[in-house]
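S.K.: Chains as they are written, first to last, in my numbering: chain A, 1 to 122; chain C, 1 to 147.
In short, the hints are calculated from the structure, not lab data.
Honestly, I wouldn't trust all of these hints.
Here are some, though not all, of the chain C residues that point toward chain A, as calculated from beta-carbon distances under 8 angstroms [what the hints assert, rightly or not]:
1) Met54
2) Val56
3) Ser64
4) Gly76
5) Lys110
6) Val129
Within a straight-line C-alpha distance of at most 27 angstroms, the following computed DSSO-like cross-link-like pairs (lysine-lysine) qualify [claimed, not checked]:
7) A:Lys96 x A:Lys56
8) C:Lys8 x C:Lys22
9) A:Lys29 x C:Lys22
10) C:Lys82 x A:Lys96
11) A:Lys29 x C:Lys121
12) C:Lys17 x A:Lys29
13) C:Lys121 x C:Lys110
14) C:Lys22 x A:Lys96
15) A:Lys29 x A:Lys96
16) C:Lys110 x C:Lys82
17) C:Lys110 x C:Lys22
18) C:Lys22 x C:Lys9
19) C:Lys9 x A:Lys29
20) C:Lys8 x C:Lys82
21) C:Lys121 x C:Lys82
22) C:Lys8 x A:Lys9
Label-pair restraints from in silico Cβ distances [claimed, not checked]:
23) C:Ile146 x A:Leu111: 40 to 50 angstroms
24) C:Tyr10 x A:Gln84: 54 to 64 angstroms
25) A:Gln84 x C:Tyr13: 27 to 37 angstroms
26) C:Glu57 x A:Leu8: 21 to 31 angstroms
Cβ atoms here follow ideal geometry from the backbone N, Cα and C, with glycine treated the same way.
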Amino acid sequence: MFDFLMYLKVFLIGGTICMLGQILVITTKMTSARILVTFLLLGVILECVGAFEPMKEFAGSGVTVPIMGFGYTLAKGAIIAGEQEGLLGVFVGGLKAAAGGIAVAVTMAFLVSLFFSSKTKK
Amino acid sequence: MEVFERDKKYNEYLNSKIPKTKPWPSLFHAFWIGGLICLFGEVIKDLLMLIPNMSVENASVWESIILIAIASILTGFGVYDKLGAYAGAGTIVPITGFSNSITSPALEFKREGFIFGLCAKMFIISGPVIVCGVIASIVAGLIYLIF
């Protein structure tokens, strides 16, 4: 059940992907929104060429926890629903697959900002 | 010409004030914090798989939901931003960074009002992510539908 070799792979691959992000930050001074979009599109492209599935088999959360996993979820949802239901599936499938994450992110952001105030500016 | 001189001076001043992050240590910080967040996600998934009748797909969705919720709460306490100052992209690239990028502006713009502050500005950073993601997913789906 608890596979320690897998944990090692998750840590190393996940860490390497974040390090690639940091290289982008240092060399191009990209803002966080641009980095998020870049990795998201990378995930979509990797899923389109069929490379993401084997990567996921190999490193599990190491590739799905970085934001490229979000892109993969969106793309995979649209592709699978498209194959099953045609054009309507293409439009519905992507957001449907990612709905859980987006809904919780929005709800939590709402609740947290009701109970807390900004800490960055005193 | 004068404006150009002034801009140059201003940029020099700005560069002297921007906090210098040493490239090599920051790479290492991003590596181990980012890796640890991914590892934490994997452990959550393995623990969820202990629940009877839990499918791998549902466990992955729960995994991202739990990570997003934790990151959002940590942002509320101001912990996540401190971690971000240390780890840089190590906290931006994982899904927790996506959550932080929604909660953080929501907190920040609360003072500008409920509807036009909190609710509208919530997506000021993550909006492009959702827009690009939705469009890219439709393009991907169409490519597979046609070919």
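S.K.: Which of the listed hints are broken here?
M.R.: Structure breaks hints 1, 2, 10, 14, 15, 17, 20, 22, 25.
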